[in-house]
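S.K.: Each chain is listed here by its residues.
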Amino acid sequence: MKQVIHRKFSKNIFRLAIVILLAFTTSISAQGDPAKGKALFNSNCAACHQLDKKMTGPALRDIESRLSEEGLDKEWIHSWVRNSSGLIKSGDDYANKIFNEYNNVPMTAFPQLSDEDLDNILAYTAEKKAEPAPEAAAAAGAAKASGEGDGISNKIILGALVVLFGLLAMALILVRQTLNRFAEAKGVDVKESSGLPLWKAFVQNQFLVLVTVVFFLLVGAYYAYGFMMQVGVDQGYQPVQPIHYSHKIHAGDNGIDCKYCHSSARVSKTSGIPSLNVCMNCHKSIYEVAESTATPEHSKEFYDGEIQKLYKAVGWDDTEQKYTGESQPVKWVRIHNLPDFVYFNHSQHVTVAGVECQTCHGPVEEMEVMYQHAPLTMGWCINCHRETNVKVKDNDYYTKIHEELSKKYGVEELTAAQMGALECGKCHY
Amino acid sequence: MKSLIKIFAIAVVLISAVSCQENGRPNYQFMPNMYESVGYETYSETAAFRNGVEAQLPADGAIARGHMPFTIPNTLEGYDEAKQNLMNPLDSTLIDFNKGKELFDIYCGICHGTKGDGQGTLVKREKILGVPKYDDAGRNITVGSVYHTIYYGKNAMGSYKNQLLDEERWQVSAYVMKLKADLEK
Numbered sequence: 001m002k003q004v005i006h007r008k009f010s011k012n013i014f015r016l017a018i019v020i021l022l023a024f025t026t027s028i029s030a031q032g033d034p035a036k037g038k039a040l041f042n043s044n045c046a047a048c049h050q051l052d053k054k055m056t057g058p059a060l061r062d063i064e065s066r067l068s069e070e071g072l073d074k075e076w077i078h079s080w081v082r083n084s085s086g087l088i089k090s091g092d093d094y095a096n097k098i099f100n101e102y103n104n105v106p107m108t109a110f111p112q113l114s115d116e117d118l119d120n121i122l123a124y125t126a127e128k129k130a131e132p133a134p135e136a137a138a139a140a141g142a143a144k145a146s147g148e149g150d151g152i153s154n155k156i157i158l159g160a161l162v163v164l165f166g167l168l169a170m171a172l173i174l175v176r177q178t179l180n181r182f183a184e185a186k187g188v189d190v191k192e193s194s195g196l197p198l199w200k201a202f203v204q205n206q207f208l209v210l211v212t213v214v215f216f217l218l219v220g221a222y223y224a225y226g227f228m229m230q231v232g233v234d235q236g237y238q239p240v241q242p243i244h245y246s247h248k249i250h251a252g253d254n255g256i257d258c259k260y261c262h263s264s265a266r267v268s269k270t271s272g273i274p275s276l277n278v279c280m281n282c283h284k285s286i287y288e289v290a291e292s293t294a295t296p297e298h299s300k301e302f303y304d305g306e307i308q309k310l311y312k313a314v315g316w317d318d319t320e321q322k323y324t325g326e327s328q329p330v331k332w333v334r335i336h337n338l339p340d341f342v343y344f345n346h347s348q349h350v351t352v353a354g355v356e357c358q359t360c361h362g363p364v365e366e367m368e369v370m371y372q373h374a375p376l377t378m379g380w381c382i383n384c385h386r387e388t389n390v391k392v393k394d395n396d397y398y399t400k401i402h403e404e405l406s407k408k409y410g411v412e413e414l415t416a417a418q419m420g421a422l423e424c425g426k427c428h429y
Numbered sequence: 001m002k003s004l005i006k007i008f009a010i011a012v013v014l015i016s017a018v019s020c021q022e023n024g025r026p027n028y029q030f031m032p033n034m035y036e037s038v039g040y041e042t043y044s045e046t047a048a049f050r051n052g053v054e055a056q057l058p059a060d061g062a063i064a065r066g067h068m069p070f071t072i073p074n075t076l077e078g079y080d081e082a083k084q085n086l087m088n089p090l091d092s093t094l095i096d097f098n099k100g101k102e103l104f105d106i107y108c109g110i111c112h113g114t115k116g117d118g119q120g121t122l123v124k125r126e127k128i129l130g131v132p133k134y135d136d137a138g139r140n141i142t143v144g145s146v147y148h149t150i151y152y153g154k155n156a157m158g159s160y161k162n163q164l165l166d167e168e169r170w171q172v173s174a175y176v177m178k179l180k181a182d183l184e185k
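First to last, the sequence lines map onto chains C and X. Mapped onto the numbering used here, the consecutive letters of the first sequence carry residue numbers 1 to 429. Mapped onto the numbering used here, the consecutive letters of the second sequence carry residue numbers 1 to 185.
Careful: at least some of the hints might be erroneous.
What the hints assert, rightly or not - Straight-line alpha carbon distances no greater than 25 Å define the calculated PhoX-like cross-link-like pairs of lysine-lysine that follow: (1) X:Lys101 with C:Lys36; (2) C:Lys36 with X:Lys124; (3) X:Lys127 with C:Lys248; (4) C:Lys331 with X:Lys161; (5) X:Lys127 with C:Lys53; (6) X:Lys101 with C:Lys54; (7) C:Lys259 with X:Lys101.
What the hints assert, rightly or not - Computed far set for chain X versus chain C, every beta-carbon distance over 12 Å: (8) Ala9; (9) Ile15; (10) Gly24; (11) Asn33; (12) Ala62; (13) Ile63; (14) Pro73; (15) Leu86; (16) Ser92; (17) Asn98; (18) Lys115; (19) Lys180; (20) Lys185.
In case anyone wonders, no lab produced these hints; they're calculated from the structure. Ideal Cβ positions, reconstructed from N, Cα and C, are used throughout, including at glycine.
Isolated chain C (complex conformation) (with noise of 0.2 Å):
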């Protein structure tokens, strides 16, 4: 008996907790939820539509409340989004027309999201723009000021440095004319230095003398050397871009694979500087840095300045979304440069070889400026072909000359430079 009221009370809770549940289902299905329409937008809406910037599609802030302006309710919206070409067809005016604003580029259909969905989204649209948090740019504001602080502070703690040793050196003067006072006063005759001064004494101990020369010319010859040496070498050359092209933040922090920029890296001579329409690619939709992206160093509103300066230079119209067909060529400055008598190629060392870019250009992800790492002597090219393997693994060009090769020299693997990596011909012709 008494199980069986536990279990009607039991079935009673469930009930209740179902009704429950579906009067909560209801309202959040009528008004919307804009944090799941946010998701929504985000993967699907967003790579044509933003909230307040035309992009290949029309900006969708409160899209709902202008459309039933024009007289369109939320009917028309779902049965666009789920079937923009078939509104068309039917001869619906405002889809015409907008159809013929955005170059006749039909919407994709998307059958897939539900009323809820819609509904969702929509509610996303219809929140308010969020004004620039007050606090976040009074932190900034702080945090440059701290920067700057910091600066300051260095400066006073060096100027003070100077002033003291001024004050010490004055005051060393000082005692020594009052020392001299004290000794004119008492009648204590100062002895200059006696006998012979020190330099006569030197010129006159001829081996000093050879010693010293021959030390002297050691020593100049040893930085003669080194500067010559130096003469036509370039490492560490970093100049300033017509662009501040942060290979940091594409290379580093994004994950971009070098080889997407530099693509002809993989199949010709030159590793290629990217046309402009590489940059493009990405920079057509992201026409701004994120917040988290500026440094103490560069601020977001210069990196925003230096993406203007790429839409200049192709032509983009970023508020039309078109191009302008007025482009003006970019002079970078070629930093890594190779002498006229000197081949390279880059495919053969990048696709053949598979040599990390790394091996020759150093952490280029980390470079926020980007400068030459090697020194790119030949030196420098030789050591590496004496000490790199060849990969013959899963690349059957190289198997027979290989196995006769290691035969020859008696190595298990043979080393760029056994490969005939070291015969003058090979760069020099």
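Using the hints provided, position chain X relative to the given structure of chain C.
M.R.: Okay, now just chain X, sitting in the frame of chain C:
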């Protein structure tokens, strides 16, 4: 007092010698006429052409050696035509999914994700949003439409025809269809 001036002079000389280390400009060269090319260097400036750059576009209608012209136009009708009729000229023995994957991961995976699910690094970091999945029902991509999109770009996506050769584009297209099939499983 005199020695103080001498020490100061030596310090000035030494400091000026050290501060000559300048990374903003290239170093001296022994024999510049052996270093600098007489012929045009890749991407160099030149007065030979009106716009002053060495890199010139090919003449209109020129077909580079080893390349086949792509006749389907960059229009919506062209896209539909490619979607329905364009087939992969590579047969199954020539399609190399390893090569396709390697190229896909470099050029496409950064946005589309290495699995083709629209979750590439740039999407996860919220730099570029709304990248579709390959099994998206509304788009229903085919190998021809993939090739057309790689060749001309579509909406926010740019053209990749100068980063991939003809054959490589087909390898990538074939790999995209493999990813689509994997996603639909």
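S.K.: Next step is simple, just say for each hint if it's right about the structure.
M.R.: Consistency of the hints with the structure:
Only pairs whose Cα atoms come within 25 Å are accepted, and X:Lys101 paired with C:Lys36 is rejected, the gap being roughly 33 Å. Distance hint between C:Lys36 and X:Lys124 is fulfilled; the C-alpha atoms sit about 17 Å from each other, no more than 25 Å. This hinted pair checks out: X:Lys127 and C:Lys248 have alpha carbons roughly 15 Å apart, not beyond 25 Å. The hinted pair formed by C:Lys331 and X:Lys161 meets the criterion: a straight-line CA distance of about 24 Å does not exceed 25 Å.
About 15 Å separates the Cα atoms of X:Lys127 and C:Lys53, which keeps this hinted pair within 25 Å; it holds. Proximity of X:Lys101 to C:Lys54 is assessed by CA-CA distance (about 34 Å); at most 25 Å being required, the pair is judged violated. With a C-alpha separation of about 14 Å, the suggested pair C:Lys259 and X:Lys101 falls inside the 25 Å cut-off, and the hint holds. With a least CB separation of 16 Å from chain C, X:Ala9 remains clear of the 12 Å interface cut-off, as annotated.
The beta carbon of X:Ile15 is kept farther than 12 Å from every beta carbon of chain C, the shortest such distance being approximately 15 Å. X:Gly24, annotated as away from the interface, has a beta carbon of chain C within 12 Å; the closest lies near 6 Å. With 12 Å as the threshold on Cβ separation, the claim that X:Asn33 sits away from chain C is violated: the shortest Cβ distance comes to roughly 9 Å. Non-interface status of X:Ala62 relative to chain C is upheld: no Cβ of that chain comes within 12 Å, the nearest being about 18 Å off.
Consistency note on X:Ile63: stated as away from chain C, and its beta-carbon is indeed over 12 Å from all of that chain's, at 18 Å minimum. Under the 12 Å C-beta cut-off, the non-interface status given to X:Pro73 relative to chain C holds; the minimum distance is some 14 Å. For X:Leu86, the condition that its CB be more than 12 Å from all CB atoms of chain C holds, with the nearest at approximately 20 Å. Remark: the non-interface label on X:Ser92 is consistent with the geometry, its nearest Cβ contact in chain C lying 21 Å away (cut-off 12 Å).
Non-interface call for X:Asn98 relative to chain C: violated, since the shortest CB-CB distance, roughly 9 Å, does not exceed 12 Å. A cut-off of 12 Å between C-beta atoms confirms that X:Lys115 is not in contact with chain C; the least separation is 15 Å. At roughly 16 Å, the least C-beta separation between X:Lys180 and chain C is larger than 12 Å, which holds for a residue marked as non-interface. No beta-carbon of chain C is positioned within 12 Å of the beta-carbon of X:Lys185; the least distance is around 18 Å.
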